[in-house]
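S.K.: Chains A, B and C supply the protein sequences, listed in that same order. Following the numbering used here, the numbering of the first sequence begins with 5 at its first residue and continues without gaps. Following the numbering used here, the numbering of the second sequence begins with 5 at its first residue and continues without gaps. Following the numbering used here, the numbering of the third sequence begins with 5 at its first residue and continues without gaps.
Do not rely on the hints blindly, as some may be mistaken.
Since the list gives no way to pick one copy over another, a pair counts as held whenever it fits inside one copy or between any two copies.
Here are the simulated SDA-like cross-link-like pairs (lysine to any residue), alpha carbons at most 25 Å apart as the crow flies [what the hints assert, rightly or not]:
| hint | residue 1 | residue 2 |
| --- | --- | --- |
| 1 | Lys86 | Ile204 |
| 2 | Lys31 | Phe176 |
| 3 | Lys30 | Asn144 |
| 4 | Lys171 | Leu201 |
| 5 | Lys32 | Ile203 |
| 6 | Lys59 | Pro35 |
| 7 | Lys32 | Val146 |
| 8 | Lys30 | Phe205 |
| 9 | Lys32 | Asn144 |
| 10 | Lys86 | Leu201 |
| 11 | Lys152 | Phe80 |
| 12 | Lys31 | Leu79 |
| 13 | Lys30 | Leu79 |
Hints listed in this document are in silico derivations from the structure and should not be mistaken for laboratory results. Small disclaimer: the values here were computed from a predicted structure and weren't measured.
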Amino acid sequence: METLLQYINILGTFAFAISGALIAMKKKLDPFGVLILAFTTAVGGGTIRDMLIEKRTAFWLVEPEYLYVIAAGTLFAILFRKKLTYLRKTIMLFDSAGLGLFTIAGVEIALQHGFGFVSCIVLGTITGSFGGVIRDIFANEVPVIFRKEIYATVTVLGGICYLLLRKAGFDFILVQLVPILMIIVMRVLAVYYKWSLPIIFVKEDEDSEDE
Amino acid sequence: METLLQYINILGTFAFAISGALIAMKKKLDPFGVLILAFTTAVGGGTIRDMLIEKRTAFWLVEPEYLYVIAAGTLFAILFRKKLTYLRKTIMLFDSAGLGLFTIAGVEIALQHGFGFVSCIVLGTITGSFGGVIRDIFANEVPVIFRKEIYATVTVLGGICYLLLRKAGFDFILVQLVPILMIIVMRVLAVYYKWSLPIIFVKEDEDSEDE
Amino acid sequence: METLLQYINILGTFAFAISGALIAMKKKLDPFGVLILAFTTAVGGGTIRDMLIEKRTAFWLVEPEYLYVIAAGTLFAILFRKKLTYLRKTIMLFDSAGLGLFTIAGVEIALQHGFGFVSCIVLGTITGSFGGVIRDIFANEVPVIFRKEIYATVTVLGGICYLLLRKAGFDFILVQLVPILMIIVMRVLAVYYKWSLPIIFVKEDEDSEDE
């Protein structure tokens, strides 16, 4: 079981790295820029989580295996950049798996530090989705998760599910697997059926300019 | 007195959340993006402050009340988005109150960690104004505080005033209230009279391109 | 020797501050924005390094001398903004010196915290080059180091050289000076001969949109 989760973790990191590398190549960054975007996409969320908590060093500094996986993901994305269109669905599946696992890992770490319900959910969401936020900021775009695909909504629901199951005292494997699968399934359905939240906006001249 | 400051703190968080939510709606983010922008605007400055200092966990992880205030501010901004034009002045007042309180809170925390005069001022400015910086970066714009309204200048002057009054040994209430009011008044006047610093710039072809 | 390194460090901070101030003036920021961009460019890399490691406070909070150097660099850039075209080469030299010293300082600090080879290199690169990344994000541009000039590549090579020389047990002065000089020389040559990595990209319609 532990091994299964570790495999998912590695695949998630790999998929996040590919996602960062692809955006970097679209933006015509040089190979080093591609590597850095792959790196920040894959570790960004967990790194911010570790920065927010007093007694934590960024996880990839003490577990450099992640850096190898990212290097491999970057190389893979560069070599197969033309074929990745056909692998789009496979990548999205890994990406969703990573999202699920990273989110739940973030919630669990928050719990271990004794934070409350809402703080745990927020840390889980940050862990799962802020790698993509940094990726988009480095690529000079408004982060995609703020705009579509109910990406963050899915992590919040998954995090709540995890906390409830854990409190209810279910079996550890169940407590972990159910919300991770739930995040994966919801994300895949959201992409497939193009689910998104309704957009509420204000027109330029309607809003307050004073801050 | 303590209670008064706490009220200002809550109102400031509320106003910062509204400010973030309004910009997010202008940028047509989805409701979750609106919430995240409200969140980062309200807690961003204090969070960076807490990250910069070795022994601090981000304040909102241990005081989740802030998260409820932010959720309320976001909901308020979404519901009353059309009427907020007329409330512009009220919001700006809260926002200025938040700016004043956050800045002085940042300076005080820096003092308690034993940092020097200049470091205290810098930490105060970061606490007061970097929430807005993150908000603008997430919205893919050059941060407004770098461009106009002497926003940051006001926090620097308020911070200096606080340190001087505190060193002079005045009454604690006075030491806190005077610089907070000073920041509020200067900010309101700056917005009202459109005060801004003169802009010094170099033309594209005049500058150094090499880094 | 210690003194020499300290001089380079100060000159590097000064040059990084000028680089940030110049970009800020190009972007027509107000003087406070110019100062903040100078500040983040100069201390950004080291600050992120200090945030990533559990037991570190941002270096400039405890060594405020850096803040004075940055203020001086900003003033210098504002006063001599028109003449800085002619000084372009001099500035680039300081900037490269700063890059070399900051990178090696980052690698050394990572070593002292017991991190592995790859983590040391990554921390060195972040220390040397992420100040420029933050500068460009604040200026709303895709970071230049992701696009050209083999900036980051140079820091990686310098970091590897440092770790190898140090392990080989060479004299401390040599271990420090050789990689710093190597970074300076490679960087200067890269700018002079316009070296850059080949760009590998994917066309918009070729890529995966799903994340």
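S.K.: None of the hints should be skipped; say for each whether it holds.
M.R.: Comparing the hints with the structure gives:
1. Lys86 <-> Ile204: between (37 Å within a copy, 11 Å between copies)
2. Lys31 <-> Phe176: The answer is neither: 43 Å in one copy and 42 Å across copies each exceed 25 Å.
3. Lys30 <-> Asn144: Both: 12 Å inside a chain and 18 Å across chains, each within 25 Å.
4. Lys171 <-> Leu201: Neither, since 29 Å and 53 Å both go past 25 Å.
5. Lys32 <-> Ile203: between (31 Å within a copy, 6 Å between copies)
6. Lys59 <-> Pro35: Neither way: lysine 59 and proline 35 sit 34 Å apart in one copy and 33 Å across, limit 25 Å.
7. Lys32 <-> Val146: For lysine 32 and valine 146, the Cα distance is within 25 Å both inside one copy (18 Å) and across copies (10 Å).
8. Lys30 <-> Phe205: For lysine 30 and phenylalanine 205, the Cα distance is within 25 Å only across copies (6 Å; inside one copy 29 Å).
9. Lys32 <-> Asn144: both (12 Å within a copy, 17 Å between copies)
10. Lys86 <-> Leu201: between (32 Å within a copy, 20 Å between copies)
11. Lys152 <-> Phe80: Cα proximity of lysine 152 and phenylalanine 80: across copies only (22 Å, versus 27 Å in one copy).
12. Lys31 <-> Leu79: Within one copy, since 17 Å is at most 25 Å while 35 Å is not.
13. Lys30 <-> Leu79: Classified as within: same-chain Cα gap 15 Å, cross-chain 36 Å, threshold 25 Å.
The structure shown violates the earlier hints numbered 2, 4, 6.
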